[in-house]
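Q: If you want the building blocks of each chain, they are given just below.
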Amino acid sequence: MVTRNRTRILIHFALIALALVIAFPVIYALITSTLTFQQAYSYPPRLIPGNQLWNNIVNAWQRVNFGRLFINSTIISVVVAFVKIVLALLAAFAYTHFRFRGRSILFPMTMVTQMLPLPVRILPTYQLMASFHWINSYYALMFPYFASTTGILLFRQFFMTVPRDLSDAARVDGTSPMRYFLQILVPISKTNIAALFVIEFIFMWSQYLWPLIVTNTANMRVVQIGLKMLLAGEQNAPQWNVIMAGTVIAMLPPLVILILFRKSFAEGIAMHSGK
Amino acid sequence: MQEDRFPGHRYLPYILILPSVAIIVIFLVVPFVQSVHQSFFTSTAFGTRTIFVGLRNYMRLFSSPDYHRSIVTTLVFSAFVILIGLSMSLAIAHLLNQRIRGRGFYQIALIWTYALSPAVAGTIWALMFAPATGIVPYIVAKLFGGYVLNWMTNGKLALLIVAAAATWKMLGYNIVFFLAGLQNVPGELLEAARVDGASGWLAFWRITFPMLSPTTTFLLFVNMLYSFFQVFGLIDIMTRGGPGDATNILVYKLYRDGFLYLNSGSASAQSFIIFIVISIAAVIQLRVATRKAVYAR
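Sequence order for the protein chains is A and B. All residue numbers for the first sequence refer to my numbering, where the first residue is 1 and numbers rise by one. All residue numbers for the second sequence refer to my numbering, where the first residue is 1 and numbers rise by one.
Hints were generated in silico from the structure; no laboratory data involved. Think of the CB as a built atom: it goes at the ideal place given N, C-alpha and C, for glycine as much as any other residue. It cannot be assumed that every hint is accurate.
[Stated by the list, open to error] Here are some of the chain B residues that sit facing chain A, going by a computed Cβ distance under 8 Å:
hint	residue
1	Pro13
2	Pro19
3	Ser20
4	Leu28
5	Gln98
6	Trp205
7	Thr208
8	Pro210
[Said to hold, decoys possible] To give a feel for the contact side, a few chain A residues facing chain B, derived at Cβ under 10 Å:
hint	residue
9	Asn59
10	Ile76
11	Phe82
12	Val86
13	Ala94
14	Phe100
15	Gly102
16	Phe146
17	Ser148
18	Ile152
19	Tyr180
20	Leu182
21	Ser206
22	Ile259
[Stated by the list, open to error] A few chain B positions that, by computed beta-carbon distances, are all more than 10 Å from chain A:
hint	residue
23	Tyr67
24	Leu96
25	Gly102
26	Gly155
27	Leu160
28	Gly187
29	Leu190
30	Ser268
Let the sequences and hints guide you as you build the complete structure.
A: Here is the structure:
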């Protein structure tokens, strides 16, 4: 019994130590975001927070038009996550509830797209945006992301577990397939929808290469590129305090979403990898 | 095989999948085919004319020392991110998967790096390792008698630091999936092993680890994609492929050749080579996942 307790304390100790080690870079970034320029360059490095956070945020905000970038990132992340969820729900509904000609070809085709990440088709996709006159537009930032293999797989797996009685009852009652979909299937998919929202929001918020290529005006950049802009042109003495203020803002929305939806997220992942 | 739950709706399923299929065809499949096509051409200096060159773009790449170097850099970088990252995450997930108080809290305290973007991770690690002012060079100098951690000129060091940053960022994601996988390992099986006198270590390698193989294979593939492509932002912020070409991984070289040097033929050929590599990995992943999943159930 004594050894049991001792191992338990050791596990707690190890977990706390690990959590702190993993968090250290971000804690250090948070501290730096509260310092003055001189304090950020003090030697030895300063680990006591200062009181300049607000000034640094304002500074970062003004230097790279951060407010606008923040709005851009929020819009594209929310819209892309939403559209991906809707399209994936519809496709998964078709693949699990209907038998139709070509299904055995179309389903694998939607999966093959996992092998076509942006870098293997980057130039023509860019040329396509240019030919649509979509450079520097939300369309270019969003459209190529709308199909979600992860989403189709996730919902398909879940829909297959929905008992047939449910759809049979609906059919006997004379409920149309779309009404069954909207009033029964979608509501019971809540957890999966929330999990997918977390995944897709974070994924979209983190996009870097594509926004870097298809936008070049101060108004159409996104938060991630804002970080690059904050760092640029200061190779000799970067204003780390201001850059870190920008970094803190850049990491906040996805973190908040993950923490808010952590339960559904964990359940969704568990469901997915349980198969 | 899925049954027809709503017979008599002939066109509805097509309408339902149409949006997804349209997006995939317009923005993924067609550009990919065009990319393969472009890899057999070269464009003149001002992009006014394209000339068919057959396999010359590929020949050039395979005989180019720069490209060889980029391949080696990518392999070293990926191997680090995958091996170190996955083993650390598995160990942490295993530790988390004990019956202890406050598990929910520990979970979120260990997985939140998942929400950070590669660019954010890169910015923070650039700060930590900033020569002269960063905390890590300071600690290293204190510990090792004034050793100067100068990764701005030392390529090997730069690659190591960039790989460490990328690994750190991915820990959260890997822990989430390993934890989910571990929770699917039936407790009775481990209990039975314990009753039979198997040590915890033995039970882990003989029971838990084999049963985790679908998760592990999935994570191997995801981490490969991550270390090949998604780290672009991290590299662009921390080193821009440098010093020299020390961190110029394939995706960064592709970006440079395609969008900075406007060499579309070579960039398209690089895209296709990357596609081949991913396809092989994807097929292996799928094979292992479907085979192992059967007896892991």
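Q: Are the hints correct? Go through all of them and say.
A: Hints and how they fare:
1. Pro13: Holds, because the Cβ-Cβ distance from Pro13/B to chain A comes to roughly 4 Å (cut-off 8 Å).
2. Pro19: holds, 5 Å
3. Ser20: With a closest approach of 4 Å, the Ser20/B hint holds.
4. Leu28: Check passed: Cβ of Leu28/B comes within 5 Å of chain A, closer than 8 Å.
5. Gln98: holds, 6 Å
6. Trp205: violated, 19 Å
7. Thr208: For Thr208/B, the interface hint is violated, since the closest Cβ of chain A sits about 14 Å away, which is over 8 Å.
8. Pro210: Because about 16 Å separates Pro210/B from the closest Cβ in chain A, which is outside the 8 Å limit, the hint is violated.
9. Asn59: violated, 16 Å
10. Ile76: Interface hint status for Ile76/A: violated (13 Å vs cutoff 10 Å).
11. Phe82: violated, 13 Å
12. Val86: holds, 8 Å
13. Ala94: Holds, because the Cβ-Cβ distance from Ala94/A to chain B comes to roughly 4 Å (cut-off 10 Å).
14. Phe100: holds, 4 Å
15. Gly102: Where the cut-off is 10 Å and the nearest Cβ of chain B is about 8 Å from Gly102/A, the hint holds.
16. Phe146: The hint holds - Phe146/A has a Cβ within 10 Å of chain B, the shortest such distance being about 5 Å.
17. Ser148: holds, 8 Å
18. Ile152: holds, 7 Å
19. Tyr180: This hint holds: Tyr180/A lies near chain B, its Cβ roughly 8 Å from the closest one there, short of 10 Å.
20. Leu182: violated, 12 Å
21. Ser206: holds, 3 Å
22. Ile259: holds, 7 Å
23. Tyr67: Holds, because the least Cβ-Cβ distance between Tyr67/B and chain A comes to about 15 Å, which exceeds 10 Å.
24. Leu96: Leu96/B is in fact no farther than 10 Å from some Cβ atom of chain A, at 7 Å.
25. Gly102: Its Cβ does come within 10 Å of chain A, the nearest being 8 Å, so this is violated.
26. Gly155: holds, 18 Å
27. Leu160: holds, 16 Å
28. Gly187: Gly187/B is indeed farther than 10 Å from all Cβ atoms of chain A, at 15 Å.
29. Leu190: Check passes; 16 Å lies beyond 10 Å.
30. Ser268: violated, 6 Å
The structure fails to meet hints 6, 7, 8, 9, 10, 11, 20, 24, 25, 30 from the earlier list, while all remaining hints are met.
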